[in-house]
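Peer 1: Here is what each chain is made of, one letter per residue.
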Amino acid sequence: MIFGCSGSTWDRMIEMTPIVETHDLSKRFGDVIAVQSLSMSVEEGEILGLLGPNGAGKTTTTRILSGMIDPSDGYAEVAGFRTDMEAESLHEVIGLLTETPGFYERFSARENLLYFAGFYDIDAEKQVDKYLETMGLWDRREDRVGTYSRGMKKRLALARSMLSEPEVLFLDEPTSGLDPESARGVRELILKFKGEGRTIFLATHNLEEAEELCDRIAVFQNRLVAIDRPEDLRSHMFRRQVVVELESVTEAVASGIEELSFITSIERDGNRLIVEMDDFDKNRPALVRRTVEKGGNVISVFEKEHKLEDIYLRLVREEAGK
Amino acid sequence: MTPSGMARKRTLNVLRHEWRVIFTNRNTAAMVTLLPLIIIGQAFVYIFVATDLIGIEPLQNFLGGSLDKWVAAFPELASLSPIDQFRAFAFGQIPVYLLLVPCLVALTIATFSIVEEKQTKTLEPLLATPVRTWELMLGKSLASAIPSVLMSWVSAGFFILLTLISGSSLLLEQGLNARWVVSLLILVPIVSILSILLGVIASSRAGDARSAQNTGLAIILPVLGLVGAQLFGLMVLDAVGLLILSAIMLVGIYVTLRIAVRVFRRESILTEWQ
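Read top to bottom, the protein sequences are chains A and B.
Mapping the first sequence onto numbering that gives the first Met the number 0, position 147 (from 1) lands on 146, and the numbers just tick up by one.
Mapping the second sequence onto numbering that gives the first Met the number 0, position 66 (from 1) lands on 65, and the numbers just tick up by one.
It is worth saying that the hints were derived from the structure and are not from the lab.
One or more hints might be untrue.
Cβ-Cβ distance ranges computed for the label pairs, FRET-style [stated by the list, open to error]:
1) A:Arg-140 with B:Ala-28: 23 to 29 Å
2) B:Val-260 with A:Ser-38: 53 to 59 Å
3) A:Pro-179 with B:Gln-118: 28 to 34 Å
4) B:Glu-271 with A:Met-84: 18 to 24 Å
5) A:Asn-270 with B:Gln-118: 57 to 63 Å
6) B:Arg-264 with A:Gly-196: 32 to 38 Å
7) B:Ala-28 with A:Glu-187: 38 to 44 Å
8) A:Lys-125 with B:Val-44: 52 to 58 Å
9) A:Gly-196 with B:Leu-11: 32 to 38 Å
10) B:Trp-133 with A:Ser-38: 43 to 49 Å
11) B:Arg-264 with A:Lys-125: 30 to 36 Å
12) A:Asp-128 with B:Leu-11: 18 to 24 Å
13) B:Leu-11 with A:Arg-140: 20 to 26 Å
14) A:Ser-38 with B:Ala-217: 44 to 50 Å
All of these numbers come straight from a predicted model, not from anything done at the bench.
Every residue, glycine too, gets a C-beta built ideally from N, C-alpha and C.
Next comes chain A alone, as it looks inside the complex (with noise of 0.2 Å):
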């Protein structure tokens, strides 16, 4: 199940200019399959989610995209550069952040970065001291990293990866092992990098993350299972319902809100009745009045709201499944 793009997706993407572009990529390790036939795009100056379990080639795919490892199969083109022909050029243009920081411990915050900044054809010392302080970590710059939480060395990890102003950004699992007011502080981050124009990969299995960060969510099982906006995911895999909570659920109620024409199905859950029906938003208010005649005590009507997750385990169990 690939769900393309809805109509107001594509209205938005008509404007917009693919940055990544993978062409049926595939990776294996011996006779184990880590991606496989994998085409996707993602657009210039959007965050797209790479959504998927452990195992599920999510770092695999972004070694591939980031250069760093050639596919088996297929090919991939990010800023214009072949990621297997071109991987130097490509670095040139992109940044990593790499699920483990990886720094010198025994040196100061400053010289790391200044020795990765000695590789790209930048002032170094601008790009260290705009980034140290960009990052918070000014005050701290001259201490040992061995010394540095681990929020702060994924901070200076991400710091180490603006160094050059990438175009895109990769992040593979950018808050894993962080505390909520560090992982926080480094979801800022990204939204702030992402409002600078910058195109952002993000793979992370943190449903929330990818849910409040994410422009499309790509669900991956070694292979693409979907990719769409969140809201249209939604859409797609699970029809709008309205939940009715009553003091209780009486029989009168029930088989009086199922006797409509316009109900499609009709679920108890608790003193709840979950509802789906046809033309959602004409015919609420009616489903709202008969339950009201037929005696029942509303506490309250909503729309039952699915969360990414929701989604996103659907997917991956009927991946599973298959």
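Dock chain B against the given chain A, drawing on the hints supplied.
Peer 2: What follows is chain B alone, placed relative to chain A:
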């Protein structure tokens, strides 16, 4: 900046960083600077102090006929006294014995450098920069090769200085010959490069510096074998012999370089290194 200018900048960046990593680690810095001097100082003690303490006869008995073979190979030594003949013989072993210095120094630096990158997990972010793998390998190799060659020359100079101080200028006149030149200018760099390449290969499979060095130490065994073979008269390598040995080692470099380049590919580093 031009592409070649950037390549030079990136390689020098690696080189400077490597030296900072190596020389801010006390153990490695001591290993690189003191060990060569200990190796060569020990040779001086055996040649000059031990002969004074135990006399020449036990040493002649220990060496069997190899001293005679040596004197036959270098007739200019025939006029010397037995003890000076022994010292000249021992002095003549130094150009080969000295090869232990580039072995140990280059291997120590190369393995430490790569294993530390593995342990700190800095290779992946490093490879995500525009640095080419050949620039990385060249920078790391130079960072090992330069101190290795320099320390070999310093050790040789230290040994010659000690010999001068001991008043054995005759030895220097008789023994400081083309073999020393071939050893210092050709064999030392070649052994350094070979040790580095073996260090890179060993480090790719090792989880820590010690096990990488243990594997890489395989290169020291042939050097020790050479020292032993000369000591016991199994072979006497004159300058031409050392040049032939250099040529054989160049073939070894070619083979190990091919393996090391394959091992040092970006994808191999990320997916195959332990």
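Peer 1: With reference to the structure, classify each hint as holding or not holding.
Peer 2: Tested hints:
A hinted range of 23 to 29 Å for the beta carbons of Arg-140 (chain A) and Ala-28 (chain B) is consistent with their spacing of about 26 Å. Evaluation of the 53 to 59 Å hint for Val-260 (chain B) and Ser-38 (chain A) yields a failure: the beta carbon distance comes to about 33 Å. Distance hint check: the CB atoms of Pro-179 (chain A) and Gln-118 (chain B) are about 30 Å apart, consistent with the given range 28 to 34 Å. Our hint of 18 to 24 Å for Glu-271 (chain B) and Met-84 (chain A) holds, since their Cβ atoms are close to 21 Å apart.
The hinted window of 57 to 63 Å between Asn-270 (chain A) and Gln-118 (chain B) holds, with their beta carbons roughly 58 Å apart. Taking the beta carbon of each, Arg-264 (chain B) and Gly-196 (chain A) are about 34 Å apart, inside 32 to 38 Å as hinted. Range check, Ala-28 (chain B) to Glu-187 (chain A): Cβ separation about 42 Å, and the 38 to 44 Å hint holds. The given range of 52 to 58 Å is respected by Lys-125 (chain A) and Val-44 (chain B), whose C-beta atoms sit roughly 56 Å from each other.
Taking 32 to 38 Å as the suggested C-beta distance range, the pair Gly-196 (chain A) and Leu-11 (chain B) conforms, at roughly 34 Å. Distance hint for Trp-133 (chain B) and Ser-38 (chain A): a CB-CB separation of about 33 Å, inconsistent with the stated range 43 to 49 Å. Evaluation of the 30 to 36 Å hint for Arg-264 (chain B) and Lys-125 (chain A) yields a pass: the beta carbon distance comes to about 34 Å. In this structure the hint that Asp-128 (chain A) and Leu-11 (chain B) lie 18 to 24 Å apart at CB holds, the actual value being about 22 Å.
Hint check: Leu-11 (chain B) to Arg-140 (chain A), Cβ distance near 24 Å, so the stated range 20 to 26 Å holds. For the pair Ser-38 (chain A) and Ala-217 (chain B), the beta carbons lie near 48 Å from each other, so the given range of 44 to 50 Å is met.
Checked against the numbered hints given earlier, this structure breaks hints 2 and 10; the rest are met.
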